[in-house]
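K.L.:
Each chain, letter by letter, is given below.
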Amino acid sequence: MSVKILTIDDSKTIRMIVAKAFKPYDCTILEAANGIVGLAVASRERPDLVLLDYTMPVMDGFEVLARLRSDPELRGISVIMLTAEAGRETVIKIAKLGVRDYLIKPFKDDLLVERVGRIVSLKPRSEEVARPKRFDDPVSLLVVDDKPAIVEQIRGGLADTPWKVTGADQAGQALDDCMKHVPDAVLVSLSLPKDAAFLFFQNLRGLAATATIPVLGLSVKTALGEQARAQQTGFAGVVTKPIDAQELKAKLCRTLRLETCYKYFQQKEGVLLLRLPREAREDFTNEATRRLKDHLAETADAGGDRLIIDLGELEKAPLTVIRLILFAVQACNELSLKCAISAPDAIRAECQAFEESQAWLFAGSVEEASSLLTDSCRQPVEA
Amino acid sequence: MNTTTPSLIDEVPALLSDGVARVFDTMLSLPATPAAVRDLHQPGQSLVAGSVGFIGDVNGIVYIHVTAPFARSLAGRMLGMAETDLGGDEMVNDVVGELTNMIVGSVKSRLCDSGLSCVLTIPSIVRGQNFSFEPVGSSERRVLGFCCGDDTILAELFIKLPG
Chain A
30 MSVKILTIDD SKTIRMIVAK AFKPYDCTIL EAANGIVGLA VASRERPDLV LLDYTMPVMD
90 GFEVLARLRS DPELRGISVI MLTAEAGRET VIKIAKLGVR DYLIKPFKDD LLVERVGRIV
150 SLKPRSEEVA RPKRFDDPVS LLVVDDKPAI VEQIRGGLAD TPWKVTGADQ AGQALDDCMK
210 HVPDAVLVSL SLPKDAAFLF FQNLRGLAAT ATIPVLGLSV KTALGEQARA QQTGFAGVVT
270 KPIDAQELKA KLCRTLRLET CYKYFQQKEG VLLLRLPREA REDFTNEATR RLKDHLAETA
330 DAGGDRLIID LGELEKAPLT VIRLILFAVQ ACNELSLKCA ISAPDAIRAE CQAFEESQAW
390 LFAGSVEEAS SLLTDSCRQP VEA
Chain B
631 MNTTTPSLID EVPALLSDGV ARVFDTMLSL PATPAAVRDL HQPGQSLVAG SVGFIGDVNG
691 IVYIHVTAPF ARSLAGRMLG MAETDLGGDE MVNDVVGELT NMIVGSVKSR LCDSGLSCVL
751 TIPSIVRGQN FSFEPVGSSE RRVLGFCCGD DTILAELFIK LPG
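Residue numbers (the numbering used here), protein chains in the order written: chain A, 30 to 412; chain B, 631 to 793.
There could be a bad hint or two in this list.
Examples of chain B residues toward chain A, derived with CB under 8 Å [to be verified]:
hint : residue
1    : R652
2    : G710
3    : G717
4    : E720
5    : M721
6    : V725
7    : E728
8    : N731
9    : M732
10   : G735
11   : S739
12   : T751
13   : S754
14   : I755
In case anyone wonders, no lab produced these hints; they're calculated from the structure.
Note that the structure is a prediction, hence the values are computed from the model and not measured.
Backbone N, C-alpha and C define an ideal beta-carbon position, used for all residues, glycine too.
Could you build all of it, start to finish, from the sequences and the hints given here?
P.N.:
Structure below.
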C-alpha cells in the first residue's frame, strides 16, 4: 500500500513542489490549503505523515498540531513542520510541539525527501513507462453544472471524440459519482451556489482516490473574480462560457496531456516524417516540440537517421513554426541525424527571411527531400 | 547584530542580499550575484513585484522586482512545468509571492535572533509597466540589484527605524 502524505500549506507553490518531489515515489499526496480542511482530511484519510506549514492565516500550524495531538485517533500521525522563519525562538517553539522534524524554507527537493524518508518508507514508483494517452483514447469526463443545457452542450461539442461525458447537477452527487467511478477530469461550474464548486474541489483533494483528478472551472467570460479564485485554489484551468468546442478540446488535451500530434508523425524506412497540418496553431507546435525528441530518439533507436519536416499544407509560416524547425534542427544535430524541409516556394521564402534558416536544407517535395538526404548520407567523409 | 540606527540601515540590506542569493540558489539552482542595477524599467517591459512586510520592533517592506517574462521562467523552473502549461498569471504570482516570502522570512529570522521581534505580512503582487514605490515619512529606502544569468532582480527595501 502506498504511503499517504498530507501537505497542509496555504501556498499552492509549496503544495506543488511537494507533489513534484515525491512523484518518483510510490506515495499519494493529499493537499489542504488551510488548517481546517487539513484536519478534516487527516481525520478522513489517516495519512502516514503530515507536512505542516507553520504560518497560515485563520489557523496556524501550531493550532493544527495542537488539535492533532488532542485527538486520540490522530495524535500518532507524524508531523514535519515547514517554515520560512528560522529564528531561534521559532525553532525552540516548534521543537517543543513534539514534531518529528522541521524544515526551513527554502529547501531542496532531495532534502525534503530525505527527511520524510527517515520517518516513512519511500519506495520508488514502478519503472514501467505507460504509453502517453492519445486524443483517440477513451477518456471519462464528469461535468458538474446545475444547468442541464451545459452538460448537453459539452457532450455535443465532444461528440466527434471517443470521450464519455457524464453530468451531475449537484456537487454532493458529483462527489459520490467520483468515488464510484473516478473520472479522468472534472469540469465544474464556478457559479454553483454557496461556493459549492470550491468546496467540491477541496473535498476531491482531500480524498486519496480523487486527490489527483484535474479539475477545470466553468465560468462566464466576464466573471474574472471567480476565475482568479479558481486559479489560486488550484484548479487546472478555466473554460469560459459560451463554450467553444475546439478550445474545450484543446484545454482538456493540455490538462490530460493527451498526445494530439501523433498522427502527424510517421516513421518509415529510416525516415521520420513530420507533416504539419494546414493550421499549425501554437498548441500544436508546442506539443510537437515536446514530442519531437522522443520520436527522433525512437527513429535513431530503430536504425533511422533522417527527419523530413513537410510544410506542404501550410498557408503561411508563423513564428511558432520557425521555432519548431529551429528546435528540430538542433535536436537532429544532437542525435547526428540529417534534416530536410519540404516546402512550397512561398513558404520557403517566408522561412528564408530568418537568418537561422540559411543552414537549412530545403526541397520542393517530400520525395526530393528524401533523395537529398540519401545523397548527403552517401557522401564520403573527408579525411 | 548591533541594533543602533546606523548599523541597522546597513545590516538589513546585507541580510536581504544574503536571503535573495540563498533562496534563488536553493529553490531554483540559479545564482543571484550582486550587480550595479537600480532600475528594470524599459519601454514596453512588463514587470512583476512581490512584496512582504515586517511589523514589530522594526517595520519595513521588501519588494522583489523581476520582468514578467523572467517571472514566468522562474515559475516554470520552480514548479517543473513548461511555461506554456502555466496558464495565466495566477501561478506565476503565487511563485513570486512565495519566493518573496522565503527571502523576507530569512531576514525576519535574523532580526528576531538579534532581539528585534516582528511578524510578516502575507505576500502581495504588483504588475505593470510603469510603477514605483516611494518612501513616506521617516522610512529609508535601499535598492539592491542582482544579476541572474541574462536576467536581473531588484530587491527594494523600505525600513522605518525603531525609536
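K.L.:
Now look at each hint and say whether the structure bears it out.
P.N.:
Against the structure, the hints:
no., hint, verdict
1, R652, "7 Å, holds"
2, G710, "5 Å, holds"
3, G717, "6 Å, holds"
4, E720, "3 Å, holds"
5, M721, "7 Å, holds"
6, V725, "5 Å, holds"
7, E728, "4 Å, holds"
8, N731, "6 Å, holds"
9, M732, "5 Å, holds"
10, G735, "3 Å, holds"
11, S739, "4 Å, holds"
12, T751, "11 Å, violated"
13, S754, "13 Å, violated"
14, I755, "11 Å, violated"
Checked against the numbered hints given earlier, this structure breaks hints 12, 13 and 14; the rest are met.
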